[in-house]
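Chains W and U are the protein sequences, given in the same order. According to this note's numbering, the stretch in the first sequence is residues 1 to 155, in order. According to this note's numbering, the stretch in the second sequence is residues 1 to 155, in order.
I should point out that these hints are in silico values taken from the structure, not numbers from a laboratory. Accuracy of the hints is not assured; some may be wrong.
[Claimed, not checked] In the DSSO-like style, the derived pairs of lysine-lysine whose C-alpha atoms are separated by at most 30 Å in a straight line are:
1) K55(U) with K55(W)
2) K96(W) with K55(W)
3) K55(U) with K148(W)
4) K146(U) with K148(W)
5) K122(U) with K122(W)
[Claimed, not checked] Chain U side only, calculated, beta carbon under 10 Å to chain W, not exhaustive:
6) P46
7) W97
8) L114
[To be verified] So the derived label-pair ranges between C-beta atoms look like this:
9) R154(W) with H10(U): 55 to 65 Å
10) S119(W) with H10(U): 18 to 28 Å
11) D50(W) with R112(U): 41 to 51 Å
Don't be surprised by glycine CBs; every beta carbon is placed ideally from N, CA and C.
There are 2 protein chains.
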Amino acid sequence: MTETPQGKLHLLYLDDLAVGQTFVSAEASITEADILAFARAYDPQPFHLDPEAAKATLFGGLAASGWHTAGLTMRLNVEGGLPFAGGIVGLGGEVKWPRPTRAGDVLHVESRILEITPSRSKPDRGTVSVVCETRNQRGEVVQELKAKLMVLRRT
Amino acid sequence: MTETPQGKLHLLYLDDLAVGQTFVSAEASITEADILAFARAYDPQPFHLDPEAAKATLFGGLAASGWHTAGLTMRLNVEGGLPFAGGIVGLGGEVKWPRPTRAGDVLHVESRILEITPSRSKPDRGTVSVVCETRNQRGEVVQELKAKLMVLRRT
Numbered sequence: 001m002t003e004t005p006q007g008k009l010h011l012l013y014l015d016d017l018a019v020g021q022t023f024v025s026a027e028a029s030i031t032e033a034d035i036l037a038f039a040r041a042y043d044p045q046p047f048h049l050d051p052e053a054a055k056a057t058l059f060g061g062l063a064a065s066g067w068h069t070a071g072l073t074m075r076l077n078v079e080g081g082l083p084f085a086g087g088i089v090g091l092g093g094e095v096k097w098p099r100p101t102r103a104g105d106v107l108h109v110e111s112r113i114l115e116i117t118p119s120r121s122k123p124d125r126g127t128v129s130v131v132c133e134t135r136n137q138r139g140e141v142v143q144e145l146k147a148k149l150m151v152l153r154r155t
Numbered sequence: 001m002t003e004t005p006q007g008k009l010h011l012l013y014l015d016d017l018a019v020g021q022t023f024v025s026a027e028a029s030i031t032e033a034d035i036l037a038f039a040r041a042y043d044p045q046p047f048h049l050d051p052e053a054a055k056a057t058l059f060g061g062l063a064a065s066g067w068h069t070a071g072l073t074m075r076l077n078v079e080g081g082l083p084f085a086g087g088i089v090g091l092g093g094e095v096k097w098p099r100p101t102r103a104g105d106v107l108h109v110e111s112r113i114l115e116i117t118p119s120r121s122k123p124d125r126g127t128v129s130v131v132c133e134t135r136n137q138r139g140e141v142v143q144e145l146k147a148k149l150m151v152l153r154r155t
């Protein structure tokens with residue numbers, strides 16, 4: 001069990017997971033100040049930095065950096081969205097941003113297990129493929145991430 | 001031309017690019033304080049948050065969140081690594097983290113154009129596939145990103 005913003009969670013091992021199993025995270029909101037601060041540090045482009053200048057860009061207004069959406073998705077998954085023993089250790093993934101995250105959006109993550117592969121060489125672990133859809137308050141997908149995670153076995 | 005930390009850069013349009021063309025970014029260093037601050041906001045796990053606790057994890061010591069490495073890669077590309085007119089607009093990508101980024105690392109990005117596809121429906125733009133290898137001061141790859149970017153045409 002672990003303490004998270006959602007309360008106590010049973011932590012899951014590879015052996016507890018099944019293909020098709022789903023998870024839903026808590027919610028996180030994003031403000032204009034959050035978007036600007038992230039952009040200044042990691043993605044300093046007009047459509048992420050300046051609400052006025054952003055209007056004339058293909059985003060048609062201030063949009064969060066896709067990497068900001070990825071960071072918020074990670075936090076939601078770490079804070080109980082994907083309650084895996086050993087934490088969330090990503091080996092890599094495929095990310096898409098079908099529409100931008102905007103100031104005032106409230107995001108959550110819906111995840112589904114796609115594949116479970118016990119390691120042949122390391123009996124204490126395996127890899128799990130999971131698709132994580134990050135949705136806004138209207139249910140629209142702002143990010144799709146297919147991630148390959150290292151998950152511990154119950155030994 | 002645009003002002004960047006590397007000086008004035010000629011901005012490139014889709015028509016200026018060729019498959020196989022390479023780009024090298026400037027360098028960015030990462031401190032322990034940077035790693036902890038990013039982790040607190042976006043990836044609060046012991047191996048990113050606590051140098052002592054991290055020793056007992058599979059990282060064997062404090063490691064930056066993969067999403068932090070992704071953010072620094074983006075900043076290096078925005079600040080002249082990929083000098084594209086219209087900026088760096090990612091539609092999505094495939095990311096891998098073959099080894100962790102550590103406190104004290106100095107990163108740079110080496111990018112190569114893989115594919116150039118003018119849009120059939122929108123004559124002012126196209127998509128460019130690019131592979132971006134983020135390397136540390138020993139030349140080791142800490143991130144490989146195959147990204148699909150929207151790039152403007154010279155119209």
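Which of the listed hints are not met by the structure?
-> 1, 5, 8, 10, 11
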